[in-house]
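Novice: One-letter residues, chain by chain:
Protein chains: 2
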Amino acid sequence: MSSFLPMFYALSFLTALIAFLFALYLYLWVKRQKVENKEIERISLLIKQGADTFLRREYKLLAVFAGIAALVILLFFPQPVWQGDIISNVMSALSYIAGTVLSALAGKIGILVATLSNSRCAERAQKGLKDAFLVGFRGGSVMGLLVVGCSLAGVAAVLMITGDTTILLAFSFGASSLALFAKAGGGIFTKTADVSADLTGKVELGIAEDDPRNPAVIADNVGDNVGDVAGMGADLFDSNVAAMASALVIASTLESSGFAAIEMVFCYALLGLLASVIGIAAARVGKDGNPTKALNSSTYVTTAIFLVLTAGATAVFTGFSWRIWLSSATGLIVGLVIGLTTDYFTDDTKPIVKKVAHASASGPAFTILSGTSYGFISCLPAMAGIAVSALISYQLCAPLGDECAIFGIAMAAVGMLSIVGMIISNDAYGPIVDNARGLAEMGSLGEETLRIADELDSAGNTVKAVTKGFSIGAAGLTVISLLGAFMAETNAALESLGKPLITGFDIMNPAVFFGLLVGAAIPALFSAMLILGVDKNAQRMVSEIHRQFDTIPGLKEGSGQPDYDSCIDIATKGALKELIPAGLITIVTTLLVGFIAGPEAIGGFLVGNISSGLLLALFMSNSGGLWDNSKKYVEAGAEGGKGSEAHKAAVIGDTVGDPYKDTAGPSINTQITVVSLVASLASGLFAAFSIFV
Amino acid sequence: MSSFLPMFYALSFLTALIAFLFALYLYLWVKRQKVENKEIERISLLIKQGADTFLRREYKLLAVFAGIAALVILLFFPQPVWQGDIISNVMSALSYIAGTVLSALAGKIGILVATLSNSRCAERAQKGLKDAFLVGFRGGSVMGLLVVGCSLAGVAAVLMITGDTTILLAFSFGASSLALFAKAGGGIFTKTADVSADLTGKVELGIAEDDPRNPAVIADNVGDNVGDVAGMGADLFDSNVAAMASALVIASTLESSGFAAIEMVFCYALLGLLASVIGIAAARVGKDGNPTKALNSSTYVTTAIFLVLTAGATAVFTGFSWRIWLSSATGLIVGLVIGLTTDYFTDDTKPIVKKVAHASASGPAFTILSGTSYGFISCLPAMAGIAVSALISYQLCAPLGDECAIFGIAMAAVGMLSIVGMIISNDAYGPIVDNARGLAEMGSLGEETLRIADELDSAGNTVKAVTKGFSIGAAGLTVISLLGAFMAETNAALESLGKPLITGFDIMNPAVFFGLLVGAAIPALFSAMLILGVDKNAQRMVSEIHRQFDTIPGLKEGSGQPDYDSCIDIATKGALKELIPAGLITIVTTLLVGFIAGPEAIGGFLVGNISSGLLLALFMSNSGGLWDNSKKYVEAGAEGGKGSEAHKAAVIGDTVGDPYKDTAGPSINTQITVVSLVASLASGLFAAFSIFV
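Protein chains in written order, with my numbering: chain A, 1 to 693; chain B, 1 to 693.
Next comes chain A alone, as it looks inside the complex (with noise of 0.2 Å):
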């Protein structure tokens, strides 16, 4: 069987390449619409700058701390240099160093296409629904692509490169340790952006909300790039990777039984790419057609063509196991129920948004009690979800062995994130359609063409909370199949040093304990440290446009022209200032728990972890969009509509939403999966010396 695997890599890279040409063909496509009103052009020129600034900034940053990290990689990993194999050193080195530089690549790109699209979307809306659609949706596509196709062939050259599946780690952790700080400090811009613009415009001055007077517009829109775009390509890039990762290495360990688990990974992921493919080749809307169903329908039948080829695959490759298909279907399923699940909770149409939106006609602790508390509610069937899908896939596949069990748990993952190149297309699509909007406004595009552009938006808003229900089921599954890997590390370097293995992590294990209660605390002390880095930024920036209004002649009137840039560099100052601390955090957390407790208390340490994270993770998400949604409800005239009591209270809940949602709760992902990638890399460091264990 094993002897499939060149051609199994081979495939991979030819998947990959098709995923290449096809975005370049929809990025040709994009560029080839024209742009003629010099209004737009020019704005939207500047929102690119902006980004590009931004990111030129962080990237240089990150290089720094990239250097260092790859630094202590090559000294201490997978063991101190001068006691281990000095190339597995250097390999772990570069691949971390590919990790991010893929990583940087993919937000670089992604952001690139965002910036051409917006304007062209908001341009082609002037037409009508239909081809406006189909700019954002292939501008959003073009990064969906690149990112899959990246983290296949990645993985794939990685692998065949070194063969080392330890050494895949750290290419993992390069990816996740970019996403972490990129996750952080784009959302730290751009919600200091979103909270200031909003405070200062609609709140005080009662001007709409992409007016162009306001010296924070430009920036807002700069944050839903570096943001959403950027921060989520490389969000779901490392978790597509890690999803990967961690299944190879449990594959690795199944080799000796004649079970084609590498060959499998590989196939599952490149067809799950392919399916994407046609997915995205398929997605149309009619003249009059719904947005939000023709994304949402396109998920499915991307999910449909995914199940139709692995059974197909599974048929065809005698090694293969239909219980292992069984397990990645279960992983997609549950995906897709969560996602439904986080839409009932968060859709203007359904019964949660309307309540809170009542409640907030009693006043803004009413919108925060409420919203607090479908928030907190909203985390039970996802959870569950997630912990039965576990359950499921395990207890499929162990008929075939105990090890067999935990790779069924990690192609429930894999599985889940088979489609992630579709959730990307749909995920960027959100920000290009919502920067296409603002263009419209700023450009002065008439009525109709804003009611095209919100109609666009809108259905990116709903359509998040379904990728966002899969994003964080895929890194609950993705970190509970880490955990097997942490394990087989460990053991590995346990052997090697002649003591006795670790037989699990037994929870009356008070080492086991104390890592799971401390664990539990991490997510907390994380997101509150970049919900407090908004917050402070965010004041900078309000005094900021207060002194722009206040100085600055025939601003309020229109004949003035504000200072977009200060506003940008408040931002981004801010944001890089404020991304650090709370990525090292963690990261320090988890190797002095690891050294002082040693593996075991790891253990509990990632089990706490991805309890608290996620459940933090669902709250923060689900309850930000519930407001960010029941404000719009409200402003669609229910409860007093615009101006009344219930609308100021409905504005509270967003602007504390907008951080939850866009800034701390996505972040968790990355955070839980750095944390888990950390541990296994410095298994063999805790194993050889942790002080008390």
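Since the hints were derived computationally from the structure, they do not count as laboratory data.
On a predicted model such as this, the values are computed, not experimentally measured, just so you know.
Don't take every hint at face value.
Given that identical chains are not distinguished, each listed pair holds provided it fits within a single copy or across any two copies.
In silico SDA-like pairs for lysine to any residue, Cα to Cα no more than 25 Å straight-line [said to hold, decoys possible]:
| hint | residue 1 | residue 2 |
| --- | --- | --- |
| 1 | 130 | 24 |
| 2 | 573 | 358 |
| 3 | 577 | 358 |
| 4 | 355 | 580 |
| 5 | 48 | 209 |
| 6 | 60 | 569 |
| 7 | 577 | 52 |
Chain A is already provided as a structure; the job is to place chain B on it using the hints.
Specialist: Frame of chain A, contents of chain B only:
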């Protein structure tokens, strides 16, 4: 060594008797203080009647619940009655009932003394701080002494009569199931009234907190009694019984080792009560003294006395171990440290409260965001503290054997709770002086008296932080030892069924992991349901208050008479309606997980429940306290003082924090304990009947 057991039973009863007699003396002392002001007497009577009515209706409802639960216990616990020993089932059911009755009694007597003390404290405040403090503190102490005396005597009696620690768990379950509903019900009542009174009085009408024109003002004062006095008394009774019960279950497995574990539990518990008696007797404040210092220093005195007394006992009884003494000292000291950390985050002389007050100047969204963030950050030191004390006490006792090591953790919990008599006295002092402040205002006792009452009240709020740290920390440690108890019970059941025993709860086991994720979601669901209960109920009461101001002539001007009873009635009905579902769902989920996925999944469930429960309990208590005190800080003149935008924002923060800190947060403790006890009681059934294991 075992021959000493009868002596310790006798000593336990004797100590309880001393506590009862001292409580009687204090009760008579308080009663001797005269009430001369007719208006105060009248309002105090209204409060007493409202509290009595609520308690009567609540207990009637809970009697039905307890009856059903007792029947279920009779039929199924510890074994189905047709399989096991009928005497055990009868004893379990009776012990369960005894637990509920004693818990209800603790609440009832607490209310009796508190409603007696509040008016006397207000009167005494006219003559200065010294006497008023003593009335408030001694009133609270009656409750503290009775609760601890009842739990010590109750546990000793049940064990002496039945000789079976499993039946002790039924007694403990009786105490905590009643506490769960009493806390939830009282918490919903008190915050419904508090939030409604604040929103209509302070925010809408701009009248003072305890203005008698507000129809909700009596309900608010009743709430302090039923929520903070009765609810908290039931809670700490339950924690204390659970800590002793779990320690005794583990101790009973150590009997054969010749280790006087059972004697030790009683010895430590009775010395703790004795230390509290001395500490209470010594508490005083000078004429111009600081009541906060007086309360805190009596806590420290009690701690020191307890440490000396137990050291003495360890020296005298050669079977007692210094390792156990150190474990219990660790627990006690960590409890103090947790309390001090909480104090750092919630005291308005420390930086955090000031930062949140400053953020309020930028608007309510920043109040919420910063308070939430600091609340999340505050969890890490406390959780790490609990984790470290568990680890240290385990390691200290590990040389005595594995079982002894878990006993070490149990004794850390007993140590932490040893001074619970003092803790309750401090805690019950709070609502008494809070009520006294209201009475002083409503009885028009003048500025100087109000100033003194304010000072007493503020001390109550500050000290609450320390006592809450204790009770949350103790719940954490107790539940760890309950996990040990659960494993011991399960293995006894498995052995009798001839099934293989459980050796631990390995996280890599997907059943454990499944339980863990579901367990982690429960505290979020539970607290959300309680908060929504307050939310809905307060909306009803606000409408009623509006109705009264609209329809009762002269009410606003002070010539009309508000209908206090209708507000009390709304709070009562709402609380009774909302308290059952939240409590029931936690019990039902525990049983569901156990019957579906077996005892190992329950182990995971308990740990997930503890970790996220501690996180949310700490977060909610601390951010609630933080918001309360930053509002007070702004009211004292900071950031523009009363009436400023910062003040409005701070009031919104306080309103959000109210149900966090007084309804959901402190109920989570009890929820955790109940879940653990249900699990231990049903362990035999899970072992026999679960579907998948």
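Novice: Determine which of the earlier numbered hints do not hold for this structure and return their numbers in increasing order.
Specialist: none
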